[in-house]
Structures are given as structure tokens and as C-alpha cells.
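Chains A and B supply the protein sequences, listed in that same order. In terms of our numbering, the first sequence is residues 1 to 300. In terms of our numbering, the second sequence is residues 1 to 380.
Think of the hints as simulated: they come from the structure by calculation, not from any bench. The beta-carbon is built from N, C-alpha and C at its ideal position, and this holds for glycine as well.
Covered by chain B, according to a simulated footprint, are these stretches of chain A (three or more residues, beta-carbon under 8 Å):
(1) 105-118
(2) 155-163
(3) 166-180
(4) 185-195
(5) 217-225
(6) 281-289
Derived Cβ-Cβ restraints for the label pairs, each shown as a range:
(7) A:91 / B:26: 52 to 60 Å
(8) A:8 / B:241: 35 to 43 Å
(9) A:58 / B:97: 52 to 60 Å
(10) A:277 / B:126: 26 to 34 Å
(11) A:77 / B:63: 49 to 57 Å
(12) A:174 / B:86: 49 to 57 Å
(13) A:196 / B:241: 31 to 39 Å
(14) B:286 / A:77: 21 to 29 Å
(15) B:219 / A:6: 43 to 51 Å
(16) A:230 / B:26: 52 to 60 Å
(17) A:58 / B:81: 53 to 61 Å
(18) B:332 / A:277: 51 to 59 Å
(19) B:219 / A:62: 37 to 45 Å
(20) B:241 / A:62: 35 to 43 Å
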Amino acid sequence: MSIFVDETTKVVYQGLTGSQGRFYGLLNRDYGTQVVAGTSPKKAGTDVDGIPVFANVADAVAATGATASCVFIPAPGVRGAVMEAAEAGIEFIVVITEGVPAHDGAWFYNKLRRDHPNVQLLGPNCPGIISPGKANIGITAGHIAKAPVAGEPAVGIVSRSGTLTYQALYELKLNDIGVTTCVGVGGDPVPGTSYIDCLRAFEADPQTRAVMMIGEIGGSAEEEAAEFIADEMTKPVVSYIAGVTAPPGKKMGHAGAIVSGGKGTAAAKMDALRAAGAQVGNNPTEAGTLMVEVVAGLTA
Amino acid sequence: MDLYEYQGKQFFASFGIPVSDGGAADSVDDAVAIADRVGYPVVVKAQVQVGGRGKAGGIKLAATTEEARTHASNILGMDIKGHVVRRLWIEVASDIAEEYYASFTLDRSAKQHLGMLSAEGGVEIEAVAESNPDAIAKIWVDPVDGLTEARAREWVAAAHLDPAATEGAVDILLKLYRAYTEGDADLVEINPLILTPDGRVHALDAKVTLDGSSVFRHPEYAEYEATQVRDSREEEAHAKGLQYVGLEGSVGVIANGAGLAMSTVDIVNQVGGKPANFLDIGGGANADVMAGALEVITNDPSVKAIFINIFGGITKGDEVANGIVTAMGRVEIGVPIVIRLDGTNADEGRAILEPHLGEGLRMESTMLAAAHTAVALAGN
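In isolation and in its complexed conformation, chain B is listed as follows:
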């Protein structure tokens, strides 16, 4: 779950990381009120989850109330790479002496947390990694040990920041590590982390990705969850607890297990079709889940045929079959379904489907054959 900048800053602030005074606004009047409160000059920033906001005109400096009003009204409603701006973040503008970069994420190869700190901030870290890899100071933190102050200090020294930034940087990095671990984040990134001419260090931007699996111990995530941008199909699937990713084609895909769902999308492509989606009904999917999945798929008008690919492990073939029969009774499915069913209780499942087979529901014995049939029925 990716947070907006304003949410990321609120998240950072809750761990004591200094951010600029500011507020989020959904209207021009609110934006101006915040600007008046924090004091000019202010920065008016579009809240969209896409890079290149500044270049698109979504970040503006305002020296007066009038300028704040003009910028806020221009930016609200602006379309930035397909993302319409619905919310602004207004904060007091900062004087910048130096721009740094700091982040934590999981290094899957090392199986430890990776911290990156660079004196070259304000640009994409990938670009720094490419042009000047030595400018990035890295540390690997064993999750059992955590980050100690002594190590944070060594790390800051290795990054060759301005000596005036040392104390502030050590403090922020320790807090950033806490935000990363206690907040159950997949990624926390401050770019730029700035040093002001009067020697203060603080976060000028915030990029935070939270781990959706940890929601059970973070009731505060509900607020972030409510603002996630999804297409309407993804929204509906998400509400039903399904793993769904919208694609552009005409063959609706339902499979159990992420790997099989990915493989099903691949095989539809390989036989010349275009999948409309990735949909994993998960382990232990029962009749209700299958019915819900079919509802989501059939609500997508571009779907011309549905390929259900089930290999039972935790998911039981008879439950899947019952789900399909239930869904066919519950919702109008105007497109043909092709199913391939193997694994746990597959024989029982096939027996349940047998009386319902015909034009609208076909069964194939292999994944490849089912893909061919579904793609042919979808008409491409």
C-alpha cells in the first residue's frame, strides 16, 4: 500500500521525524487557510502517486495569499499522467543548503534490512547508483539487532554529509528505522532529506509503502486504505478480498494461487489472446469466493470469455465447482466459461459441473487446451 506524500509525512511525524509545518486540503479555501496559518512563502503540492509532479506544474511556490489561491485553484483538478489531483499538501517553504537521500527497505538477497544514505539527494537514487555508486553509503541491519546509534553514526560518517548535519541525520535515521520496522513498512524513503542554512535537518518529501499483511496490528492503516486509488474493477475485487490486477484484454482469468494465475495470464498471451485481468482466488477459496470472482469478471464489459484454471491444494475442486454453479444461478454470466480443474477433489468437482456443461460452460483437461478454447471463444 503506497501512501501519498501528505500521509507519508504524517506517518513520519508520528515517529518524531521532523517535517515542514503544513496541512492537506481538498479545496482552494482550505488550501489558502493552511497557507495563511503556516506563513509565507509556502509550497503547494499536488497529491498524486506518480513521479514528475514538479515538471507537470503540480508543485508551486507561493509568496502571498493571492498566489496560494491561484496555484491551489490551478493544481486542484489538474491531470498529471492520468492521475487527477483531488488533494493538495501545503507546507511552509524551506531554505535548502544541502539535499540528501535516506531509505530503508528489505534486501531479499541478504535477507536483512538495507539502509541507503547519500549526500547526493534530490534526484532519483537509481540515477545516483548508475552514475556514482560510491556516493551511496549502505548498511545492512539484522532485524534481530536493529539499528544502534553507534552504527547509525558510522553510517552517517561514511556518507560524507556536511558535518553540520551529523547530529540531525543520526537522529532522523534512528527514527526512520523505527518507522520502518514498527510501522511495518516495505519501504521508507526521504528524498530529499535537507540541511537548512541554520543547521536543521528534516524530511522534505516522504515515500512510504506499507505491508498490507500487517493490517491486523495497525488499525491506523484503515485511514490510508480508504484513500487508495484503484480502478473500479480493482475496487470491487478488493472489497471481496480477491487479489486482482486489471489488464487490457478480453479473456477474464480466474485461477487459484498467485503462480498459477500468473502462468494462466502468460499462457493466454502465448496462444494469441489478451487477458483482461489477473485474479487469484487464493488458498481455501470456497463457493462464495468463486461466485464473487465471477461477479467481478462479468462486470468488466471487455471480457468476452472466462478461463477458470484451478489446481486444488487448499482449494478444493468440489467447492470451486459449487461456487461456479452458485454464481451461474446468482448472476447473469453473458460470456462463455472454460474451466480446467485438477488436484484435490477434482473428480468430485467435475461430477458437480457435468450436468451444467454446454455452450456457456465448457471443460478442458489441460491448461493449454483450455487457453486455446477460451481465446477462440473471446474471438481473438
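Bound-form chain A, shown alone:
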């Protein structure tokens, strides 16, 4: 089983006619994702390599039955794009765009929770989600992920960083370990989907036998996840935290990646995860090796 998305998920791409939207929309379709529609207010009625383009998400949903959306709209338009998708009845919204103002992110997170409590938001500033062999929504290179094989234990991945998500997928593939779903929750201060949302879903998914969790400096999401792991997870968790040597007070690329006032350090996060029973690697390769050992100890 995968979590959140699979081969039956129908996806509308908001911003399909832009260069990024087109490139990844078509790559995602080639992977097997049901890319059923795109939106563009000015290009309604046209198509992108056979994918119909609608004026708005509501029209796309009415015509195609899409239940998920993938947002490639530039940052100034993301707040409007997210609300447009929610109001059109989309249940799962993936925002790839980076550079969304923090106040916009905080606003639509709370607005969705209040007015559209059944909508799940992933991102902003995330690589998306891939359920290997089934669906790939976002910018992950599909070929680096190994699909689960019947009779072999598979693992789930959750990560705040895009490229480290790819790194994790790749490490597991090199070690011949299948992945049920890999979720990139994104590097913004208020991510729509949290580590805990993903850990809970992986814990409930019978095919997922262990979880790789990749974090970075800043905020306290990893510490909160550690509490959840200690209290609720029966499945093994292997973790890696980036930014061990990051200088305090500097934003390390991501809006959310900053050690401030001595809080949000990698060391504190690693300690919290270890105390919760997770195994923590010092680099992505070491985390991959730890996961190989965990999987070797599991029976199919």
C-alpha cells in the first residue's frame, strides 16, 4: 500500500502551461500518474501534449473528476491557487513553488483547516510525493525510486528537504529496498503536512515496515515527531538531520532552516530522535546503511 496517493489519483496541474509545470507535468504523466488536466486562465481550451487545459480548477474538476492538484504557480499567486483548488473540491493539494511569503503560508494553512478541514495540503516549497510504481506528483526523478516488491519489506520516507529526499530514495534503491511512498513535506515555516501526519499514515499502512525520516535545522518539527515516535510508533524509524555544522543566525537556504536563540540545532533534534528510539545516521549514506540493517532484521 501507499499513503495519500496511488495509481487511481487524478491530478490537475495548476500552472501546467508554464515551463516548469509543463516539464514536470509531462514527466509525471510518463511515470504513470493520472495527469488529467491543467489550468491556465488565458489558455483554456488548449492542451499540453494532449492534456486538456481549463480556465480554472472548478472546470477541470467538473470535466475530469480530479481529486488532487499540483501547484506550479509563481509565489505571488500561490495563496489564490490553493484556495481555488480547495473551493473546487480538491482533497489533496501539493504546492511545489518556493518563495511563498511566510504570512501567506500561515494564512492558507489556517484558512484550510477552518473552512476545508478535509483538504490535505502538502508544501509549499516541497518536492511533492511519489508512490513508486504508482504515481509521482511533483519534481522527484521517478527512476531513482524503487517500487515495493511483493514478499519483501518496504519502507516509507518523509523529508523536509527536496534533494535529500532524492538522496534517500537513491540510497535505498542502491540497497535494493522498495519504497511505499516518499513524502517531501517542504522547507517552509508552516508546512501543510507534518512529519507526524506522515508517520501516522505509515504506521497504519500494513505494507510500510519502517520509516526513513529526514530533517534539518530550524523549528521543532523533528522534536515533535520524536515525541510521536516514542508514544505511537511501533515500526522502526531511521533518521538523518542536515545542518550539524550550520552557523547560528544564518538562514541556510530554506526559509525554515535557521538556528536562532540556540534553538533548532541539529544536535538537539538528533538527541530527541535517539531518545525516542529512532536510529540516527550522521550522513545520508550512513542513514541508508542503518536502514539496510533494519530491513535485514524484518521478516517479509
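Knowing the structure of chain A, use the given hints to seat chain B on it.
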């Protein structure tokens, strides 16, 4: 983007928050002219983005024109913890009856805005949080609701300020919330927020951090942007739109994605090297961006080897490879490059690099191997 005190006060004033009458000056004569205009006594304050200005002698009270001149000439050019004072803020001195603290920032755990108000101002709020946490009244504001006057009133009551400060504090907090949200700030902080003996409440200091992602809707940020202090490497990288943080070592690091760039810095340290920088070329980085990144790195004389770590998602391996080839033709790269390339279009990228491999450009198949090679080439 952190504002200087004088910018923060101007930012606050634009939202109607009362601040002391004053002005910014870059010369002694300008400082004296401002002091004469606002009336004595005045406070002469060094404009540097570092704590402990007062202790370092960067904040002085002047009762006369002569004193203002003396203090201004002493403080201009002063070195405060490595920050040279280029600008002063001169404002009319205030009589203080009480010192409070007020701030708004985003609570990432609660996913709402957090307001903090304390009757114990004038000291670091972290110290108050440590010694007397009950002295900080906190409210969480849902961004969709915003801060209502009724809630602001309850909040002020909970902080046990002097009753004479109530109306002034409610007014300022509502304006401060507006400045925080409409101004797209990550942090707004007034410490101290003062009550004067004649019952007025106003901001005696201003700490403001603006969200760089919101520049598109704030053309007025350009003025603040122009005064940001960066080292020359950071300045050059910033002009090229690159995410760069200068470090102290000899291995130049270029990676795509913040997480991978952080991880690359970490792994260079772990194998015994010292990274010279953090540099994220971002998603969708094309040949020009890579060439620009290499220019920034090679301009740093302490760099002895360069480690390019690319895992393609939005960034495509062939574009990265073309960028490296372009840069090698465009700029003199006097140090060896070690590259590790995986992900989207990695095979195409490796094929493009293949004919250029040699002493100056090496390719490794894993991040760890590349780190070892780069650190060895850097000679540590």
C-alpha cells in the same frame, strides 16, 4: 532581512506607532543638526546590527550641542564587535516611568502568530523567560482572524502593565500587529516599550526582521535591502541570486537544494575538511546560474578545491554540466573541481562532462567519495 534600529523606527512610524522624534545621520555635522532640531537632551545611538551597543559605548546621552558633537564624532567609525559604525540615530531623550516588552513572531509549532507582552522590559526576553516565565503574557493569533481590540485589551490586562499604560499599549499592539502582517515581517519587537511619567506609551527601540520572500509586494524594501551588511563574497552571490553563506574553510561547496547543501557542508566536515561556504544554486538552476556560482566560489582566495554536489529534481543534470563547461571557458578556475551528479538527466550530464575530465575536473559516483576527494585536493 534585519533592519537597523532607525529603519525599524521608520517602519513602525509608517504604521502609526509612536517613536521618539529623531533622524539618521552619516556625519557629525548632520548629527548635530538633527540634535539641534529635536531639542536637548538627545540620545546618540550607533546603528549596527549587533547586541551590546550600550556597553561598548555606542549609545550616549547629550545635553548640549557640544556634547552631541563629541559623542557623534566618537561613535562614528567606532568598531563594535567587528561592526564599524557608519550611521547614527539621534533622537530626543525620553523620561521613563516603566519599561515593557512587546513582540510578534510566527509560532511554527502552533502554526499561528505569537504575541508576547511583558511588564519586565528593557532586558533580553530570553532572560525573562528563564527567570520569571509568568511575567510574559502570550497570545496566539489565528492569521485568518487577526488581532481584535477586545483580545488586545484582555492581553494587556493579563500582562499587568501600569493602568496608565493600558490605552496606549492597546493602540500600539494593534498597530504593531498590522505592521507585522501587512509589512510581511518575520519578527517585530519593541524593547523597551516605555510609559513616560506623563502617561504616554511609545517605542524606544525597534527590532524588525522582514520576510525576503515578500519583496514582490513591497517595493519599499529596496531601500532596506541596499543597506544590508554582507561580506564581499555574500554580496557577489546575492547579486547573482544565489543562496550563499560564507564559512571559514578551504573547500568550496556548490549544491542544489538547501538540504543537500547543508548536508554537503556537514559531510566535508565529517571527513576532516573545512567548507568555505554554503551555496545553494536552487531549483531549476541553469547553465548561467552554475557559471555564476563557480565565479563566486573561485573569487574566494581561501578556496583550494570545489565540491559540486548535484542531485537533479527540478535542476537538470545536463544543464548543470553545461554550466560547468561554460564556466570553465568563461572564468579562470585555478583549483580542482570534484563533481557528483545524480537524478534528473544525470546520464546526459555525465556524458557532457566526460570529455572535460582530468586533473581540473573529477567525477565521483557517491557524495562520500566526492567529499573525500575534494578534501584531499584541498590539502586538509
